[in-house]
Amino acid sequence: MSADLGDIIRVVDLVGVAVNGLLGGEIARRERLDPIGFAVLGILSALGGGMLRDTLLQRGTPVALTDPWYLVVALVAALVAFVVPFEGRTWNAIYPSLDGLALGTWAAVGTQKALSFGLGWLPALLLGTITAVGGGMIRDIVLARRPAFLGGNTLYATCAIIACGVAILLNGLVTAEVAVLVSAAIGAPLVVIAKARGWKLPGESA
Amino acid sequence: MSADLGDIIRVVDLVGVAVNGLLGGEIARRERLDPIGFAVLGILSALGGGMLRDTLLQRGTPVALTDPWYLVVALVAALVAFVVPFEGRTWNAIYPSLDGLALGTWAAVGTQKALSFGLGWLPALLLGTITAVGGGMIRDIVLARRPAFLGGNTLYATCAIIACGVAILLNGLVTAEVAVLVSAAIGAPLVVIAKARGWKLPGESA
Amino acid sequence: MSADLGDIIRVVDLVGVAVNGLLGGEIARRERLDPIGFAVLGILSALGGGMLRDTLLQRGTPVALTDPWYLVVALVAALVAFVVPFEGRTWNAIYPSLDGLALGTWAAVGTQKALSFGLGWLPALLLGTITAVGGGMIRDIVLARRPAFLGGNTLYATCAIIACGVAILLNGLVTAEVAVLVSAAIGAPLVVIAKARGWKLPGESA
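Protein chains in written order, with this note's numbering: chain A, 96 to 301; chain B, 96 to 301; chain C, 96 to 301.
Among the hints, erroneous ones may be present.
Since the list gives no way to pick one copy over another, a pair counts as held whenever it fits inside one copy or between any two copies.
Computed cross-link-like contacts, SDA-like style, restricted to lysine to any residue with a CA-CA straight-line distance of at most 25 Å [as the list claims (entries may be wrong)]:
1. Lys-290 with Gly-260
2. Lys-290 with Glu-126
3. Lys-290 with Pro-130
4. Lys-290 with Gly-267
5. Lys-290 with Pro-163
6. Lys-290 with Val-110
7. Lys-290 with Thr-156
8. Lys-290 with Ala-243
9. Lys-290 with Thr-161
10. Lys-290 with Val-167
11. Lys-290 with Asn-266
12. Lys-290 with Ser-211
13. Lys-290 with Thr-270
Bear in mind the hints are in silico, worked out from the structure with no lab data behind them.
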């Protein structure tokens, strides 16, 4: 493994943790929660997907609990959201890109992890998607809200599935690091465009 | 193990996956979800109980992720429900029997799996019941609905517990395959009769 | 390990299971559930936190499933709550102390278990807190209610975090048993006082 590329992916992965920790904190603010609520929603948003993936894989304690940086980054992000309201124009302009980058990276990393343990492509696709959207799903469930991906609002989960599909197609053709970067490079703009244009899947709720 | 009987149980198990995948898709239709919603509810309904059981057992990645057929059958069933509305008289006449067959089989298979790992009869009863009704429970939670078995509507969970009890009583007396078939043969008609007659447990909500 | 102290902790741990099983049953009564509902809420309240901790740790089947006493005590407590309504003055006077004792013990036991598997202090703090408040959280989620610790009502989760912090500070300085007893001795009165005085964390919902 190229140490440089591996480092890049680790950094992008933690950027995703930070962005989703901020998002969890933002939602805690909207729900008028106390600091404990900020911490809980930050952790669930930032680490819930990876923890659900690792718990289902059952190949050891989730990386979110064994790597000391994940919890620290998630909690610091929630703390930042507690202190600074992120609602301005700059944040709204930057957020979708960071969110898309996190979604693409997480989808690809989750897919590869499942494939590396010998799972088939369909379970790998499922676990990659869970990595990418599972944290938000768990956060919504804890808030007793119906998860956003059931509302038919955007192609969010579909972008994750596409990024996972790219990671599966590239598996074995290129190194794992390149596959992650390509998946993220495809998934991130999809999220931004889907959000900007309000894309929906065909369905009765569309 | 008799290969023939083992094959029968595997087929019945997958029939249960298909029936519950259809049911999940039906609920997605009623909730007016998009295709992603159909897939999510199909997977949760069809595989959620077994995945919860295997995650709690912690003896390896859930069979729903390692056996390639489970996810395929669940997704195909959800796809069928997306294309064809199952609401006619024939479906309403057949559904309870298939549902009962799945419940009885899943309860017995889950109970036996727990016993085979050395758990006591009470945890085995719990895990068998989780196998049978856990998927529907998780689906209802994701939909931000109170699970049906908390509503006091039918003896659904009770039928699962009875089927688990039969599997525990038969454990060691007959082969695992026969025990599953007997449990399913007792559990299935109970579900059908409880549904037809609107049986309830005694309680204030009755 | 001193057998006597270990026995004391085991007894306090099971007292916590009994108290929370009763509490789950009490909530089942308020929600007018049937006996299945009593059993489900009793099990979730009494054993959910430890099962979530052990499932995340992934070091074997949860102790709530391998130790025969846990399920029995939880179910007997739920049965008692089904038969006897606990709403009188005596119960209201005793309940906070027992609840605090359970919270402090569970927080310390969960923290120590995580540390003993080599996790860092921050993940150990998280898993200790999950042990103490996770069961109530899961119970509320199953009831499609927002968990109490997101409501900003009391310092309940904060008391658990403090008890976990004490367990971490004492780790290695004293025996595990003494650390648990000290943590519980600090956490229990905090719960009682926070409940009596209606303490809240600073925040917009305060």
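Against the structure, the hints come out as follows:
{"no.": "1", "hint": "Lys-290 with Gly-260", "result": "within (20 Å within a copy, 42 Å between copies)"}
{"no.": "2", "hint": "Lys-290 with Glu-126", "result": "both (23 Å within a copy, 23 Å between copies)"}
{"no.": "3", "hint": "Lys-290 with Pro-130", "result": "between (30 Å within a copy, 18 Å between copies)"}
{"no.": "4", "hint": "Lys-290 with Gly-267", "result": "neither (32 Å within a copy, 52 Å between copies)"}
{"no.": "5", "hint": "Lys-290 with Pro-163", "result": "neither (33 Å within a copy, 34 Å between copies)"}
{"no.": "6", "hint": "Lys-290 with Val-110", "result": "within (20 Å within a copy, 39 Å between copies)"}
{"no.": "7", "hint": "Lys-290 with Thr-156", "result": "neither (34 Å within a copy, 35 Å between copies)"}
{"no.": "8", "hint": "Lys-290 with Ala-243", "result": "within (13 Å within a copy, 33 Å between copies)"}
{"no.": "9", "hint": "Lys-290 with Thr-161", "result": "neither (34 Å within a copy, 34 Å between copies)"}
{"no.": "10", "hint": "Lys-290 with Val-167", "result": "neither (29 Å within a copy, 30 Å between copies)"}
{"no.": "11", "hint": "Lys-290 with Asn-266", "result": "neither (28 Å within a copy, 49 Å between copies)"}
{"no.": "12", "hint": "Lys-290 with Ser-211", "result": "neither (32 Å within a copy, 45 Å between copies)"}
{"no.": "13", "hint": "Lys-290 with Thr-270", "result": "neither (30 Å within a copy, 55 Å between copies)"}
Going down the numbered hints, you'll see the structure goes against 4, 5, 7, 9, 10, 11, 12, 13, while the others check out.
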